[in-house]
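**Q** Construct the entire structure; sequences and hints are all you get.
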Amino acid sequence: MKRRTKLFLQSLMMMLIGVSLAFANVPGAGAEVAAAPNPGKPAPGDKSGFDAQGRMVAHFGSPVIDGNIDKVWTKVQAVTPKFALDQVEASAGFKALWDDRALYILVEVKDKQLSFESVTPYMQDSLEIFLDENHDKTQEYGLDDLHFRVNVENAQSVDNGKVERFYTAAKRVDGGYIIEARVALQSKPENGKVMGLELQMNDAKDANRIGTLNLFDATGSAWNDTSKFGEIVLTGKTKGDVSGVNPYDLLNLMKSTLDLDFTLYKNPDVVTEALMRVVAANVLNDKKATQPQIDAQYAAIQAAVSKLEMTEEAANEKYFKEVPDAYRTESDKPGTIESLTYQTPNLSGGMDEKKLNVYLPHGYDASDSSKKYNVLYLMHGGGENENLIFGGPGQSKELKRIIDHMIANGDIEPMIVVTPTFYGGKNDTALFHEELIQTIVPLVETRYHTYAKSSSLDDLKASRAHRAFGGFSMGSVTTWYTFIHNLDYFKYYLPLSGDSWILGQGGGGSKPKETAEYLAKVAKDAGYQPQEYFIFSATGSLDIAYPNLKPQIDAMKQLTDAFIYSSDPAKGNFYFIVGDGGTHAWNWVNQYIYDILPDLFQ
1317 MKRRTKLFLQ SLMMMLIGVS LAFANVPGAG AEVAAAPNPG KPAPGDKSGF
1367 DAQGRMVAHF GSPVIDGNID KVWTKVQAVT PKFALDQVEA SAGFKALWDD
1417 RALYILVEVK DKQLSFESVT PYMQDSLEIF LDENHDKTQE YGLDDLHFRV
1467 NVENAQSVDN GKVERFYTAA KRVDGGYIIE ARVALQSKPE NGKVMGLELQ
1517 MNDAKDANRI GTLNLFDATG SAWNDTSKFG EIVLTGKTKG DVSGVNPYDL
1567 LNLMKSTLDL DFTLYKNPDV VTEALMRVVA ANVLNDKKAT QPQIDAQYAA
1617 IQAAVSKLEM TEEAANEKYF KEVPDAYRTE SDKPGTIESL TYQTPNLSGG
1667 MDEKKLNVYL PHGYDASDSS KKYNVLYLMH GGGENENLIF GGPGQSKELK
1717 RIIDHMIANG DIEPMIVVTP TFYGGKNDTA LFHEELIQTI VPLVETRYHT
1767 YAKSSSLDDL KASRAHRAFG GFSMGSVTTW YTFIHNLDYF KYYLPLSGDS
1817 WILGQGGGGS KPKETAEYLA KVAKDAGYQP QEYFIFSATG SLDIAYPNLK
1867 PQIDAMKQLT DAFIYSSDPA KGNFYFIVGD GGTHAWNWVN QYIYDILPDL
1917 FQ
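Residue 1317 is where the sequence shown starts when you use the working numbering, and the numbers rise one by one after that.
To be clear, the hints were calculated from the coordinates, so they are not data collected in a lab. There's no promise every hint is true.
[Said to hold, decoys possible] Quick list of simulated restraints, FRET-style, between CB atoms:
id, residue 1, residue 2, range
1, SER1364, THR1554, 20 to 30 angstroms
2, ALA1612, LYS1649, 35 to 45 angstroms
3, GLU1750, ALA1778, 48 to 58 angstroms
4, SER1882, LYS1623, 22 to 32 angstroms
5, GLN1821, LYS1623, 45 to 55 angstroms
6, GLU1750, SER1882, 29 to 39 angstroms
7, ALA1842, HIS1451, 47 to 57 angstroms
8, ASN1743, ASP1557, 18 to 28 angstroms
[To be verified] Keeping only pairs whose Cα atoms sit at most 16 angstroms apart, straight-line, the calculated EDC-like set for lysine to aspartate or glutamate is:
id, residue 1, residue 2
9, LYS1713, GLU1669
10, LYS1866, ASP1896
11, LYS1637, ASP1416
12, LYS1504, GLU1469
Quantities reported herein were computed from a predicted structural model and do not represent experimental measurements. From the three backbone atoms N, C-alpha and C, an ideal C-beta is built for every residue, glycine too.
**A** Right, here's the structure in full:
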C-alpha cells in the first residue's frame, strides 16, 4: 500500500471515531447508546457506592466512551478508594456500569501534576483494572482474568488478557483528568452476578510513581494474585431494558488493522478494499444501523486480514503469536513435577542448600533408559524462585499446561524442563554459570534419561546439542552470561526481556555495538560456526527491557559472520520476537516461550 493511501485511511479512521461517537449521542437513533437505561436510585445500603457487604455496585447502563462524561453516569454513586499506598498526592473517584456485553469504569482524578515520562507503563499517571470474571480467586491469572492499564494520554498496556476487549478514552480537565474504560465480558452478565475486581490509580511525578490509590487491596500485590481482588455486584436491569449498540469492537479492529505495516504483505489491497467497503456501508454514522450490520462489517475486515500474504523478506522475521486459549487449560496428558535439593558453594566459603524443580513429560518412564530427552533450563526473574514458572510438585501453572498441550499435540518433542532458583549460592548473575555446570546439570542429567552419558565435562560437551538455557528479566541477564561462559555445554539460548550486562548493567542499551562484538568474539574464540549455536530472544514493545535489549539485537544483526538473522533455524541462528504492547509480565513471557519452543533441538 502506498504511504499516502495509509495516511488517508488513518485520517478516515479518526473521522469515523468522531462520527460514530457523535451518532451514539443522537436521541432516537436506532439502538442508540445514549438512550441506554437510567441507572435509577442507588440500592439500599450503597450510598457510598458499596453495598452492605462492601462490594462495589454497578448499575445497568451503556455510556458513550468518548472522553466526555456521559449523562448516564450522573446518578451513579462514585466510590472512594479505600487505600492510599506510599506518598500518593492525588485523589480519585470510581464509578461502574454494565450492559449485556461489557463492564464500564469511569475514574475522575484530581492531580495537580500529570506525568507519563517513564518508559514503564505503571510508573505513569494511569488507571489499572483487574478483573476476575468467574470470581474463582485463583492466585494465578486464568482465562477469565485480566489486568489492563490506560494512562492519561489514553495509551493502553495489557499485562493479562486480550487487548481487543479493552476500549478507552482519556481527557485532561482542570485539576486532573478523566478516564473511561469499557471491558468486554466473556460470559453473559446478569443481575446479582458478582465478579472479582480491583481498581488502582497510579500517581506519577516526573519519571517515577510516587504512590497508588487502591479500591480494595491494601497490600499492593493484586497485580500478582487475583485472590486479593475485592468484589463488584451487577444490579439494576429491569424488564424492557436493552443495551446500546456496540461500535467499539469494530473501531478497535479498524484501528489495529490500520496499525499493520502494509509493506510486509504482497496483497495489502485485500484489506484496503475491505476498509473502503466499511466506509461505503456507512454503519458508523447511520442512525439506524443495527448491531448485526456492525458485526457483519467486523467479520468482513477479519476475513480480509486473514487473507494477507507476507513478502519473502517479511517472512524472515519471527512474529509473535498468541497462545491458543485451549492450551491454557488442563491437558488430559499432563506432565509431572519433581523437586530436587542440592548443595552449592556461597561467597562466604560455606555451602547453601538449594532446590530446583524438574518437569517430566507425560509418559516419562524412569525404567526405560532407551528413551532420551532434551533438556531446557529455565530461569525466573528477580525476586522470584523455582516455583514461579511451573509451581512445585502437584501444581500446574500456565506454562506447564502450555507445554503439556504442545507435547500432546505434537508441536514439540517431549522434553525435560528444569527450573532452578537464582537465590542462594553466589547470588550473582555473572557467576551462576559455575553452579549451573558444576552442580545443576550433572545432578539433573545423571538422574534422568538425557543424552549425557555421564557427568564428566567431556560428556556434557558431547551432548550440548540437546541442552538449552533461557530466562526472563534477571534470568535473561543470566542467559547471556551462560552463553559467554558455557557455550561448550549449551547449544540453544532464550534470553527473554533482558540484555547482556557483560559491559555493565544495561550495557545492551548503552554499549550495543561493543556488547554485540563481545558476544560474537566469544563464539569465534570458542571455534563455533553460526549453525552450532542459536539465540532466540524476545520482549514486548512496552517492556521495561525493550530500550536496552532492542539496540543490542540490532547491533548483533550487523555481525553476520556470527549471527545470521532468520525466522527459520535452517537458514540462520538468531531471531528476535517483539510482542506488540507486551509488558514485563509472565503472561507475555509464557507466550514467547510457546513461540520459541518448536525451534529448539532441530
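**Q** Between GLN1821 and LYS1623, does the C-beta distance stay in 45 to 55 angstroms?
**A** holds (46 angstroms)
**Q** Looking only at beta-carbon atoms, does the pair SER1882, LYS1623 fall within the given range of 22 to 32 angstroms?
**A** holds (25 angstroms)
**Q** Falls inside 20 to 30 angstroms, the C-beta gap from SER1364 to THR1554?
**A** holds (23 angstroms)
**Q** Tell me if the beta carbons of ASN1743 and ASP1557 are separated by a distance inside 18 to 28 angstroms.
**A** With Cβ atoms ~60 angstroms apart, the hint is violated.
**Q** Would you say the C-beta atoms of ALA1612 and LYS1649 sit inside 35 to 45 angstroms of each other?
**A** Holds: the Cβ-Cβ distance is about 40 angstroms, inside 35 to 45 angstroms.
**Q** Is the distance from the Cβ of ALA1842 to the Cβ of HIS1451 consistent with 47 to 57 angstroms?
**A** Holds - the Cβ-Cβ distance for ALA1842 and HIS1451, about 54 angstroms, lies within 47 to 57 angstroms.
**Q** Holds or violated: LYS1866 and ASP1896, Cα atoms, limit 16 angstroms.
**A** holds (13 angstroms)
**Q** Between GLU1750 and SER1882, does the C-beta distance stay in 29 to 39 angstroms?
**A** Check passed, 33 angstroms falls within 29 to 39 angstroms.
**Q** For the pair we were handed, LYS1637 and ASP1416, check the Cα-Cα distance against 16 angstroms.
**A** violated (30 angstroms)
**Q** Take the C-alpha atoms of LYS1713 and GLU1669, compute the straight-line distance between them, and say whether it is at most 16 angstroms.
**A** Distance of about 25 angstroms is beyond 16 angstroms: violated.
**Q** Would you mind confirming whether the straight-line C-alpha gap from LYS1504 to GLU1469 stays at or under 16 angstroms?
**A** It is violated: about 31 angstroms lies between the C-alpha atoms, which goes past 16 angstroms.
**Q** Measuring from beta carbon to beta carbon, are GLU1750 and ALA1778 in 48 to 58 angstroms?
**A** violated (20 angstroms)
Hint compliance for this structure: hints 3, 8, 9, 11 and 12 are broken, all remaining hints hold.
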